[in-house]
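Make a model of the complete structure from these sequences and hints.
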Amino acid sequence: MTSPSVDDLFGYVQKRCLWQFFSRSWDRKENIEGILEKATQLLLEEPVTLTSPMDRLFHADAKILVADFREHFPAITTLGAEEVKSLLQSVKERLLDLTVTSSKNRELHQNLY
Amino acid sequence: MPMVLLTCDKDIPEREKHIYLKAPDEDTRSFLPLANAPTIPGTLSERGCSFCGAKLVIGGVLKDTIQMIHGPVGCAYDTWHTKRYPSDNGHFQLKYVWSTDMKEPDVVFGGEKRLEASMHEAFEEMPNIKRMILYTTCPTALIGDDVKAVAKRVMAARPDVDIFTVECPGFAGVSQSKGHHVLNIGWVNEKVGTVEPTITSEYTINFIGDYNIQGDTDLLQQYWQALGIQVIAHFTGNANYDDLRGMHRAKLSVVNCARSAGYIANELKRQYGIPRLDIDSWGFNYMAEGIRKVCAFFGIEQKGEDLIASEYAKWKPKLDWYKEGLKGTRMAIWTGGPRLWHWTKAVEDDLGAEVVAMSSKFGHEEDFEKVIARGRDGTYYVDDGNELEFFEIIEAIKPEVIFTGPRVGEIVKKLHIPYINGHGYHNGPYMGFEGFINLARDMYNAVRNPLFKLARTDIRSTTTSELKEAV
Numbered sequence: 001m002t003s004p005s006v007d008d009l010f011g012y013v014q015k016r017c018l019w020q021f022f023s024r025s026w027d028r029k030e031n032i033e034g035i036l037e038k039a040t041q042l043l044l045e046e047p048v049t050l051t052s053p054m055d056r057l058f059h060a061d062a063k064i065l066v067a068d069f070r071e072h073f074p075a076i077t078t079l080g081a082e083e084v085k086s087l088l089q090s091v092k093e094r095l096l097d098l099t100v101t102s103s104k105n106r107e108l109h110q111n112l113y
Numbered sequence: 001m002p003m004v005l006l007t008c009d010k011d012i013p014e015r016e017k018h019i020y021l022k023a024p025d026e027d028t029r030s031f032l033p034l035a036n037a038p039t040i041p042g043t044l045s046e047r048g049c050s051f052c053g054a055k056l057v058i059g060g061v062l063k064d065t066i067q068m069i070h071g072p073v074g075c076a077y078d079t080w081h082t083k084r085y086p087s088d089n090g091h092f093q094l095k096y097v098w099s100t101d102m103k104e105p106d107v108v109f110g111g112e113k114r115l116e117a118s119m120h121e122a123f124e125e126m127p128n129i130k131r132m133i134l135y136t137t138c139p140t141a142l143i144g145d146d147v148k149a150v151a152k153r154v155m156a157a158r159p160d161v162d163i164f165t166v167e168c169p170g171f172a173g174v175s176q177s178k179g180h181h182v183l184n185i186g187w188v189n190e191k192v193g194t195v196e197p198t199i200t201s202e203y204t205i206n207f208i209g210d211y212n213i214q215g216d217t218d219l220l221q222q223y224w225q226a227l228g229i230q231v232i233a234h235f236t237g238n239a240n241y242d243d244l245r246g247m248h249r250a251k252l253s254v255v256n257c258a259r260s261a262g263y264i265a266n267e268l269k270r271q272y273g274i275p276r277l278d279i280d281s282w283g284f285n286y287m288a289e290g291i292r293k294v295c296a297f298f299g300i301e302q303k304g305e306d307l308i309a310s311e312y313a314k315w316k317p318k319l320d321w322y323k324e325g326l327k328g329t330r331m332a333i334w335t336g337g338p339r340l341w342h343w344t345k346a347v348e349d350d351l352g353a354e355v356v357a358m359s360s361k362f363g364h365e366e367d368f369e370k371v372i373a374r375g376r377d378g379t380y381y382v383d384d385g386n387e388l389e390f391f392e393i394i395e396a397i398k399p400e401v402i403f404t405g406p407r408v409g410e411i412v413k414k415l416h417i418p419y420i421n422g423h424g425y426h427n428g429p430y431m432g433f434e435g436f437i438n439l440a441r442d443m444y445n446a447v448r449n450p451l452f453k454l455a456r457t458d459i460r461s462t463t464t465s466e467l468k469e470a471v
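From first to last, the protein sequence lines are chains L and P.
The end of the first sequence is residue 113 by this note's numbering, with every number in the run present.
The end of the second sequence is residue 471 by this note's numbering, with every number in the run present.
There's no promise every hint is true.
[To be verified] In the EDC-like style, the derived pairs of lysine to aspartate or glutamate whose C-alpha atoms are separated by at most 20 Å in a straight line are:
1. P:Lys269 / L:Glu33
2. P:Lys17 / L:Glu107
3. P:Lys22 / L:Asp7
4. P:Lys323 / P:Glu311
5. L:Lys104 / P:Asp25
6. L:Lys15 / P:Asp25
Derived by calculation from the structure, the hints in this document are not laboratory data.
Structure representation (structure tokens):
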């Protein structure tokens, strides 16, 4: 089994996940950071905080994402904790770059919805 | 591959910024079609007006509400009956249309008196209806009729009625998208929080951006019911006016059409702390994923799995049968905006189709980010496309079926290419598991229809030739 690459996971998120493309830069950043944090915890089988409604939302998205990662990239379950953290950190950075920092979308930084 | 300047656009080179042909290893950091921008003079846009976006798409769906259109009679007729969104109360919203029927003297001397009289007349004629949405149109906005003041006077005279005003004339924005925006923001600021809904379940959602096209809402409602989830408000399929006033009490906003209704979901999150969950309601894989996410939010995962298993048992064999027949079908999607990204991967994964061209009338750049991420290489992505561009792209990519509206559909039929009504559907609903079977059936019947081949044959000779009367 080959370990999944950043390209693999990034490509999967790009094709499947609507949360990366919310209307404004702050919503995109909040979603990407929140969901990938929860996904990392789930992959590492660490306890997940579910106190606020947003926690529960991120957990719901992360749960499906992690199940998909495990199904499509089964070698992810063989990675050590530091490898998982590093892999998902890289995915997060690439998503933030594509959808926020380098995005050409002219509406991303408008103050109002 | 850079942006594309089609041959037909040689005299309007600005169109190059709106058409993209995706190549391998490219992404939207480098190329993103300009969208939600003014239509370029010289191009024949197929967009609707901003008033239409508010009335036809969102407000007009409500099943217990008079839609008072303050303007010439054509504004009313042209936003009535062109979309099929039934309701469970005898389709009140499809049967009737209301207009102040403005004439020249009203434009010269002001239309407020005529409006006030029309509003009273409508309530008198329909004594059981106590809710109204009042829309301005181009002429009444230009002459400055104060429709909010008139609405206040009518409400003062009739304490049991409630009226919401939408001041979004046709010229307010670049397309119908502005009407979606104005209605969303107006509603959340003026009406949400003014009615307290009766709560019957600990699991409550708003289902946002679904307009019960040929029964979409009714079909999805069966799922929410099976899961024990109370939908406080469907925004706006089969909904009552007052349902939407109680949206602040839902624990989760589930969003299907993020383009027409993402605004209200964002504001419900900002003003009331209700999280926004975006899902795709078309396609097996996507629908199952959406149900799983909603159930995970409420901690009722097993109920979700049971529902999905039962729906798969009922419908998956049929899906597989259609997939066998549709594998490799070259398909184009020329609709409003969101259906591009909702459908491109769904028809690819679930039906084996290849989406080779997509055009959006009113999508924003966000919609193109989504669809380019999901779509195939070698596919055209077009903003605000026009007929000549469609003809040229058809020549280039030879689609076998086109999902689009009736106007464009009638044109492509002349080229002997079948079309499916991508707005109002042919034989819907298309959402959910059962709905996607309906979509697959309509698509199968379209591409297998022998009439197109027969129509191409010139019976006066022995040769078969493509007729070109449309180009």
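Status of the hints after comparison with the structure:
Among the hinted pairs, Lys269 (chain P) with Glu33 (chain L) is consistent with the structure: their alpha-carbon atoms are about 17 Å apart, no more than 20 Å. Between the alpha carbons of Lys17 (chain P) and Glu107 (chain L) the distance comes to roughly 17 Å, so the proposed pair stays at or under 20 Å and holds. In summary, the hint linking Lys22 (chain P) to Asp7 (chain L) is supported, as the alpha carbons are separated by about 18 Å, within the 20 Å threshold. The straight-line distance between the Cα atoms of Lys323 (chain P) and Glu311 (chain P) is roughly 17 Å, inside the 20 Å bound, and the hint therefore holds.
Of the pairs offered as hints, the one joining Lys104 (chain L) and Asp25 (chain P) holds, with about 17 Å between alpha carbons and a cut-off of 20 Å not exceeded. Restraint check: the Cα-Cα separation between Lys15 (chain L) and Asp25 (chain P) comes to about 14 Å, which is no more than 20 Å; the hinted pair holds.
Comparing the model with each earlier hint shows no violations; every hint is respected.
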